[in-house]
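Line by line, the protein sequences give chains A and B.
Going left to right, the first sequence walks through residues 1 to 370 as this note's numbering numbers them.
Going left to right, the second sequence walks through residues 1001 to 1247 as this note's numbering numbers them.
Keep in mind the hints are simulated off the structure, nothing from the lab.
Quick caveat, the model's predicted, so the values are computed rather than measured.
Errors might be hidden in some of the hints.
Unchecked claim - Within a straight-line C-alpha distance of at most 25 Å, the following computed SDA-like cross-link-like pairs (lysine to any residue) qualify:
#: 1; chain 1: A; residue 1: K232; chain 2: B; residue 2: A1081
#: 2; chain 1: B; residue 1: K1053; chain 2: B; residue 2: F1025
#: 3; chain 1: B; residue 1: K1053; chain 2: A; residue 2: R246
#: 4; chain 1: B; residue 1: K1053; chain 2: A; residue 2: W150
#: 5; chain 1: A; residue 1: K232; chain 2: B; residue 2: F1025
#: 6; chain 1: B; residue 1: K1053; chain 2: A; residue 2: L6
#: 7; chain 1: A; residue 1: K363; chain 2: A; residue 2: L6
#: 8; chain 1: B; residue 1: K1053; chain 2: A; residue 2: F153
#: 9; chain 1: A; residue 1: K232; chain 2: B; residue 2: R1119
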Amino acid sequence: MRRSTLIFLALLALSTAAVTVMAGGGLISTSFVKTLGMTLCLCLAAVAMDLVWGYAGILSLGHMAFFALGGYMIGMWLMWARTEAIVVQALSGQPLPPTAEEIRQGIGGQIFGVVGTSDIPWIWSFAHSLPLQLLLVVLVPGLLAAVFGWLAFRSRVTGVYLSILTQAMTLALALYLFQNDSGLRGNNGLSGLQNLPGVSAPQEVTALWLFWASALALAGGYLLAAWVVGGKFGSVIRAIRDDEQRVRFLGYPVEGFKLFVFTLTAVIAAIAGALYYPQAGIINPAEMMPIASIYLAVWVAIGGRGRLYGAVIGAAVVSLLSSWFTGGRAPSIPLGFYTIDWVDWWQVLLGLAFVLVTLLAPKGIGGLFR
Amino acid sequence: MSALLEVRGVSVSFDGFRAINNLSFAIDRAELRAVIGPNGAGKTTFMDIVTGKTRPDAGDVIFGDPPRSLLRMTEAQIARAGVGRKFQRPTVFEDQSVFANLMMALNAPRNPFAVLRFRPTSRHRDQVQDLAEEVGLAPHLTRVAGELSHGQKQWLEIGMLLAQDPLLLLVDEPAAGMTLAEREHTTTLLRRLATTRAVVVVEHDMEFVRRLDCRVTVLHEGSVLAEGSLDHVTADPQVIDVYLGRG
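Using the sequences plus the hints, can you model the full thing?
Okay, structure coming up:
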């Protein structure tokens, strides 16, 4: 194992332990534990982005769509199971025990009332089962990525054209989900996801559970990515990034490699999303808009492409700064004639940072460590 | 014994320009062949067709044993079937070490899952070491290929071709940018390689072709104008007319 992987895992374990101790001592709030847990999920998505873009050279502007799809898939079970508990509770006062059909109708009315129906769409067929819905977290984004990638790569769509295509994919998906009859509650999205069904432990405890799960997922994802890029496979995908025609003349099926990396990273992003949204508590189609995927690319660029720890640094630093600046905690700067309000000006600062990193440190923050 | 590569009546046009026009010729299993011709004669297009980069409009390209048409195969499949290509400009993966470049080229299963599981054994390392010694890069194995000199990159690319161990080697202007000593080294290597496989050298430089001392095919406007020893073709009045006469 490489030294940087060991250092990363040690730092991750240390900071996880530190956060646990501080949260237990009341030094940091539950909402900040959630912010940190969500940051770890974003770091995992950034690792996936680095694998697909930094190593294989495929600038996907759609990976946050896979992230959000993962979130939707787990969100469906969370919402279903919680609503079921509420419905059963409400019907328990009746003289006759409720039938399965009555419970179903109750759930349908509760979940889909906001979009003016109580019919349960077929895509919710598995929502009652955690194992099945967990399987869908992997299968739905994985299959979407595999089909999309197969079509795009076999037609040899590369470079900026592929980026545009991935962006169109995520935009189309978001616009579809915005519709009320998409079956996923339109622009209302899924909510109440922070309540884990069947768990009576308070939020400050479940927040820590999800934080640990996120840390574990990041560690696992990082190890997997490090293993993938560490050997000859890493050599081949970097070669594809630099000169894919030459790789073909070496006899490697370039399209197969790209498809593998694209699909694998989509699944990693989906798992990250499935851990992120229970901490965020709500998911709606706006999360899938192309801007989210562009941010992901900016984080990886600032952190340093082609270095896994660079992607993690970029995602952690930029997303934490972002939540600090936009959370209203950054003090405004009065200039007399104008007041710099960071909620608005943070984007300008981020854009400037992106330009400066591109010009002055093309290898990103991670590149400064060598 | 049938030929290793047989090009049958191949034609290809780009926007109405006939780059290759009813081209036919054959190469044996262990043969060194020089392909010469003025600019635009179709030398590079010929290589593109054989390696699968360009699809011809008509004709067929038959290769190997048992003979198979290359036209339905992808570039990667053709490369795996045993066609290796050396580009005019050295194209190595500059971001990676000499060792990684050679290891990538080394004959081993090429599908993504096999590559994912691949871990070099001591046999693979020895093979890479031997190849590096053969092309004079043994002291540079850990260096990044981008740091090598132009000549060393040429040698690295030749090393990568040797690692692929192709049945047919297509070499595009190997002498370009080489010193006299390097040219001699290259000539010796190409002639030695041609004892066990077919080697096709596309070249501009007549002096270099003379050193190769092999059968020569002269291309002109996308078809074969003459074929034979260098003395034979240079004595051909048509060849003098279209090519040598200008010099």
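Hint by hint, here is what the structure shows:
| no. | hint | result |
| --- | --- | --- |
| 1 | K232/A x A1081/B | holds, 21 Å |
| 2 | K1053/B x F1025/B | holds, 19 Å |
| 3 | K1053/B x R246/A | holds, 11 Å |
| 4 | K1053/B x W150/A | holds, 20 Å |
| 5 | K232/A x F1025/B | violated, 38 Å |
| 6 | K1053/B x L6/A | violated, 43 Å |
| 7 | K363/A x L6/A | holds, 21 Å |
| 8 | K1053/B x F153/A | holds, 16 Å |
| 9 | K232/A x R1119/B | holds, 7 Å |
Hint check: violations occur at hints 5 and 6; the rest are consistent with the structure.
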